[in-house]
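Peer 1: Just so you know, the sequences run in chain order A and G. Each step along the first sequence adds one to the number in this note's numbering, with nothing skipped, and position 213 is 220. Each step along the second sequence adds one to the number in this note's numbering, with nothing skipped, and position 199 is 203.
Think of the hints as simulated: they come from the structure by calculation, not from any bench. What you are looking at is a predicted structure, and each value in this text was computed from that prediction instead of being measured. Any given hint might turn out to be false.
[Said to hold, decoys possible] Here are the computed distance ranges between Cβ atoms for each label pair:
hint	chain 1	residue 1	chain 2	residue 2	range
1	A	THR10	G	GLN111	19 to 29 Å
2	A	GLY331	G	GLN230	31 to 41 Å
3	G	MET114	A	ASP549	30 to 40 Å
4	A	GLY331	G	ASP86	23 to 33 Å
5	G	TYR87	A	GLU310	35 to 45 Å
6	G	GLU21	A	ARG226	50 to 60 Å
7	G	GLU23	A	GLU114	57 to 67 Å
[As the list claims (entries may be wrong)] With a straight-line cut-off of 30 Å between C-alpha atoms, the simulated DSSO-like cross-links for lysine-lysine are:
hint	chain 1	residue 1	chain 2	residue 2
8	A	LYS99	G	LYS148
9	G	LYS47	G	LYS221
10	A	LYS153	G	LYS93
11	G	LYS217	G	LYS116
12	G	LYS116	G	LYS233
13	A	LYS153	G	LYS47
14	G	LYS221	A	LYS357
15	G	LYS93	G	LYS47
16	A	LYS128	A	LYS290
17	A	LYS357	G	LYS47
18	A	LYS153	G	LYS233
19	G	LYS221	G	LYS148
20	G	LYS233	G	LYS221
21	A	LYS128	A	LYS307
22	G	LYS116	G	LYS130
23	A	LYS501	G	LYS130
24	A	LYS446	G	LYS47
25	A	LYS501	A	LYS576
26	G	LYS242	G	LYS217
27	G	LYS217	G	LYS233
28	G	LYS93	G	LYS148
29	G	LYS242	G	LYS221
30	G	LYS148	G	LYS217
31	A	LYS153	A	LYS265
32	A	LYS153	G	LYS116
33	A	LYS128	A	LYS153
34	A	LYS99	A	LYS153
35	A	LYS501	A	LYS448
36	A	LYS265	A	LYS99
37	A	LYS153	G	LYS221
38	A	LYS501	A	LYS446
39	G	LYS47	A	LYS448
40	A	LYS265	A	LYS307
A virtual CB, placed ideally from N, CA and C, is assigned to each residue, including glycine.
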Amino acid sequence: METFQHDVLIVGGGGAGLRAAIAIARDHPDVGVGVISKVYPMRSHTVAAEGGAAAVISPTDSLDDHAYDTISGSDWLADQDAVEILVENASKELLQLEHWGCPWSREPDGRISVRPFGGMKLERTWYAADKTGFHLLHTLFQTSLKYDAINRYDEWFVTSLIVADGRCQGVTAIEIRTGEMHPIGARSVILCTGGAGRVYPFTTNGNIKTGDGMALAYRAGVPLKDMEFVQYHPTGLPGTGILITEAARGEGGILVNKEGRRYLQNYDLGQPLDINDPNHPQKQTMELGPRDRLSQAFIKEREAGRTFEGPDGDYVHLDIRHLGEREIDRKIPMVRELAVRYVGIDPVHKPIPVRTVVHYMMGGIDTDTNGATSLPGLFAAGECACVSVNGANRLGSNSLTEILVFGARAASVAVDQAGQVPPPSNQLLTTSARSQEMKLKATLLHPNGGSDTVSGIRTALQETLEEGAGIFRDGATLERTCASIAQLQDRYEKLSLVDTSRTFNTDLVAALELGAMLEIGEAIAHSALARTESRGSHQRTDHPDRDDDGFLRHSLAFRGEGDPTIEYKEVTVTRWPPSERVYGRA
Amino acid sequence: MPEQTVLEVYRYLPDEETEPRFQSYEITYRDSWVVLDALDHIKTEIDPTLSFRWSCRMGVCGSCGMTVNGEPKLTCETFIRDYNTETIKIEPLAHFPVIRDLVINMQDFMEKLPTVSPWLITDEDKPLEAGEYLQTPAQMARYKRFSMCINCMLCYSACPVYGLNSLFTGPAALALAERYNLDSRDEGTQERSDVVTAHDGIWRCTYVGECTKVCPKDVDPAGAIQMLKLSYALDWAKSLVLPGRGR
């Protein structure tokens, strides 16, 4: 068995992971760094982000405004010290990307251009047309190629964290091409594995977003924080769930129900201005309200019978016709490309059908503001982490900024940690990998005549989560969801695969991903059941009010033998005491 | 309206077989289905052993390139309804070793890409405090098209030169070299010239233009390679006329 060793090992090659890798290779050339990813880095889901990345750049804007918008958007559940770190470092990170070649869209004079985004008081969203994530990821990937010090393990799947002497000392992983298990030792490990939208049936997230890193930490005893907060994006294409960016509304697009009414005015999001009014679109108003409120409004409209019915579910119209072909092609070309291709509608001439769709996990691995977890040697950054800057609802365009700021930050602390501990012993590494290999051979790869399948259990998980832990939740349904996830976990314990081959076994990868998805589903459902209030994206119909006395706190889900234990910890409030979230009212 | 068709899928399981074969799957598909939907349907409902790569299913991650009825395609953008043939033949991308089923080995590209230095090269590091490099929309327009490459490998699969000689640097990597050469912020054109103009670099391209035809993101690698030829030839000519300048 071949073993590998690095000072710092990064799991995940998306925006957070590559930013961390470059930070180490550039600033600490003597530190050995490995990047392990289940896909080639440029396939990572950062690639699919569209609208932009937030950072204060305009002279009329201020860091305090960006912080306040983020905190109010989070329904006061964000940690304010973390938010301050985010906004202070935001423009520096986006400028760094510019210096590495990112093609940010420009003003005629050559300066960076910014656009309005939901829940933001001013234009502060940097963008590269509407393929911001794509350009950001490829810029980082191509820049990372400059550094020979970065050792990549492309298409390797991590099966466990190696924990000994009370600290994380590496991972065990399957090289997917050969099916061989190897240990990779490290003095510190940074998880940058992204989100878990695939635990729901209808999501903007790619096939790879299965919460693997969150589950690795959870199994190692690190709590998952605020998992009940799941962001539904208000504008996905019916059928596929493909995202139509919020930038479409930032540029002036409007949402209309089947009666032709801009229905958001019914939901305390302000009054609409005429689309020809020079002040349209109004910031933090109507279509530029926050995602949680817009998605909830969609459900209410549907209950009132004012949405369109289609073969792929109910929908409303996103109308951008008034922008005109020129502006659409210049600023949001991908919106047009996607609508034409996947629903056969050219938005220059017709409104786009859209519906709510699972998009982002506000929750994740509990970390401090340096990305450190409660397990020494283990760090996390990006969507898989909960630092927390997003609280109960993330504002659009804060997450690309977050992966850069906290990816770089975790890297520097992980380097410090690596310098303080010895490398893991070879014996520890080989023993860990052998035991993982034996476990696989005794479970998933051991034929037992059972008829259950990966997709059977996965579909059941997705359905029960949507049923119990969707946009609106209540205690009784959540209890049923918790119970059915426990049953699905029992089924998973007995699962054996048809495909037991070694070479590029995607059924095995899917089964390992499903194991992670069940852990994530459990944490979401139990955290949602325990939070008997409504806040941000977590709306309990049986507890409709926000309860700051009881729940201005982060939930922490600890994995147990049976159900997880849910504990709480205080939210950090620095300068902005909790108050009402106000949109569209002066 | 649901309709039926047959997918003839290339199967190769090196653990068990020495030779590839084709396996037919009868499927009922909907009008909205792309080829990738059908493959996912086969994997989840009929045969979990079928292996292929995919993720974003919206044409931006570049994972799901395959050969569909003889043509290289991104299967998440290729609709079944557009094929009137009795069966649809799905094979791995041509010109690459096959790892298993529809999964190709693209290590060759991963090793070639860094050789063209696809990153911004500047003579001096500009400090962040100095702000952004100014770049007008017109300056950006010069290279933007070549920056849209998703590394899906369709162009290598279509390139007859690469098919005959895998040493050729190839369309996507060269287009990325030109993307940086044309960037007003970049000063690395000379640094890239050794690899780009080497024996297996731009001069291998016979301008068949297949790469541009199959590119799903309209990158025009063939155009990029012609531009590279022109600019490096001009540099070379200048160096003859004005010794000490150019290359």
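Peer 1: Given the hint that LYS242/G pairs with LYS221/G, test it: the Cα-Cα distance must not exceed 30 Å.
Peer 2: Outside the cut-off at roughly 35 Å; violated.
Peer 1: Checking one constraint from the list: CA of LYS116/G to CA of LYS130/G, max 30 Å. Satisfied?
Peer 2: Between LYS116/G and LYS130/G the Cα gap is close to 28 Å, so the pair holds against 30 Å.
Peer 1: Taking the beta carbons of TYR87/G and GLU310/A, is their distance inside 35 to 45 Å?
Peer 2: holds, 41 Å
Peer 1: Taking only the CA atoms, is the gap from LYS153/A to LYS233/G under or equal to 30 Å?
Peer 2: holds, 24 Å
Peer 1: Hinted pair, alpha-carbon criterion (30 Å max): LYS242/G, LYS217/G. Please report holds or violated.
Peer 2: violated, 33 Å
Peer 1: For a C-alpha distance cap of 30 Å, please report whether LYS221/G and LYS357/A respect it.
Peer 2: holds, 24 Å
Peer 1: Keeping to a limit of 30 Å between CA atoms, is the pair of LYS357/A and LYS47/G held or broken?
Peer 2: The hint is violated at about 36 Å.
Peer 1: If you draw a straight line from the CA of LYS93/G to the CA of LYS148/G, is it 30 Å or shorter?
Peer 2: Violated, at roughly 35 Å.
Peer 1: Is it true that the CA of LYS128/A sits at most 30 Å from the CA of LYS153/A?
Peer 2: violated, 38 Å
Peer 1: For a C-alpha distance cap of 30 Å, please report whether LYS148/G and LYS217/G respect it.
Peer 2: Given pair LYS148/G, LYS217/G holds - Cα atoms ~18 Å apart, limit 30 Å.
Peer 1: Sort out whether LYS221/G lies within 30 Å of LYS47/G, counting only the CA atoms.
Peer 2: holds, 27 Å
Peer 1: Do the alpha carbons of LYS501/A and LYS448/A lie within 30 Å of each other, as the hint requires?
Peer 2: Satisfied, since the Cα-Cα distance of roughly 13 Å is no more than 30 Å.
The structure fails to meet hints 3, 6, 10, 13, 17, 23, 25, 26, 28, 29, 31, 33 and 36 from the earlier list, while all remaining hints are met.
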